[in-house]
Amino acid sequence: MYDGLTQAKADVDVWLELAQEDQGQDAMEALREHLGIFQARLDETELCILLSGPDDDTAAILEIHPGAGGVDAQDWAEMLLRMYLRWTEARGFQSLEMDRLYGEEAGIKSVTLQITGPYAYGLLKGEAGIHRLIRISPFDASGRRHTAFASVDVYPDIDTNIEIDVKEEDLRIDVFRASGPGGQHVNRTNSAVRITHNPSGIVVQCQNEKSQLKNKQLAMKILKARLYERELKELEATKKADYASKDAIAFGSQIRTYTLQPYRLVKDHRSGFESSSVEAVLDGRLDEFLRATLLHCHAEKKSAQS
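Plus 34 on top of the position in the sequence shown (first one is 1) and you've got the numbering used here.
Among these hints, one or two may not hold up.
Restricting the straight-line Cα-Cα distance to at most 27 Å, the calculated cross-link-like pairs of lysine-lysine (DSSO-like) are [as the list claims (entries may be wrong)]:
no.	residue 1	residue 2
1	Lys255	Lys244
2	Lys201	Lys267
3	Lys267	Lys336
4	Lys143	Lys248
5	Lys267	Lys335
6	Lys250	Lys201
7	Lys244	Lys143
8	Lys201	Lys248
9	Lys143	Lys43
10	Lys255	Lys201
11	Lys301	Lys143
12	Lys301	Lys336
13	Lys267	Lys250
14	Lys255	Lys143
Honestly, the hints are just simulated from the structure, not real lab data.
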């Protein structure tokens, strides 16, 4: 990567010198082209430096839950789900829906995704927190403006070789029928599984598969990932060197606002990055926000260390 970056810089220097001597259109076009190549390699190198955490190269488990806002919040949670699925598809990543609970009127009550791709967790970890939506509610007959909240949690999909101490006696396992909009989406057998980890109070469930055994295996995977993330946070707290980004992405913090009315703007409250292309962002074009968050967290970490 360093060699490629060095070569791209050398090419820019050569074409810069030729453009200064020749001052022709062809030389200027070639200079612009090589500047673009150099910028792309520079961005790639910078991103790899930012994604240097111990779990950044793993797959991600992403959960979305509606908050305050009633039906609007459930609809907002489904909009966020669509946004992340579009982002996943655009990057060529793979997504697996592990669990979904539908809202009675609209939207979803919760959803759990497994997103697999290069540095999936590293890219998405900054999305954890509260996302706020301001818009004219489609569920309000008076056409009033409403504010809805939804929380996003992101965990590393840890390797099964990592030892997580989960004792059988600490678990309560419940089975039930899968829920859904009806028809083929509803199982007639008790295939859905809910696992409660009594010491931590963590509850996970999975109903995506028709097999109770497969649902239990997936639920255990989510549980281990959440326990792993919990242990990481406790370890960082004891070292008193927690990343500045940990506070920024804590549950209950408002990290980003998506405003559709009275103006159109998406603003990240940590990095200060904003975009007026609301439709594009909700359609999955998140890379600029993800990059800005990584840069902000990296700068905060360096500042704390110094």
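Taking the hints in turn, this is what the structure says about them:
For the proposed pair Lys255 and Lys244, the alpha carbon gap of about 17 Å is at most 27 Å, so the pair holds. Proposed proximity of Lys201 and Lys267 is supported: the alpha carbons are some 21 Å apart, at most 27 Å. For the proposed pair Lys267 and Lys336, the alpha carbon gap of about 19 Å is at most 27 Å, so the pair holds. For the hint pairing Lys143 with Lys248, the CA-to-CA distance comes to about 22 Å; that is within 27 Å, so the pair holds.
Taken as a hint, the Lys267 and Lys335 pair is honoured in the structure, with Cα atoms around 15 Å apart against an allowance of 27 Å. Between Lys250 and Lys201 the CA atoms are separated by roughly 15 Å; this keeps the pair inside 27 Å, and the hint holds. Taking the CA atoms of Lys244 and Lys143, the gap is about 21 Å. The hint holds against a cut of 27 Å. For the given pair, Lys201 sits about 19 Å from Lys248 by alpha-carbon distance, which is consistent with the 27 Å threshold.
At most 27 Å may separate the alpha-carbon atoms for a hinted pair to count; Lys143 and Lys43 exceed this at roughly 50 Å. In summary, the hint linking Lys255 to Lys201 is supported, as the alpha carbons are separated by about 14 Å, within the 27 Å threshold. Proximity of Lys301 to Lys143 is assessed by CA-CA distance (about 25 Å); at most 27 Å being required, the pair is judged to hold. Note on Lys301 and Lys336: the hinted pairing holds, with a Cα-Cα distance of about 24 Å set against a maximum of 27 Å.
Taken as a hint, the Lys267 and Lys250 pair is honoured in the structure, with Cα atoms around 26 Å apart against an allowance of 27 Å. For the hint linking Lys255 to Lys143, the alpha-carbon distance of about 21 Å falls within 27 Å, and the restraint holds.
In the structure shown, a violation is registered for the earlier hint numbered 9 alone.
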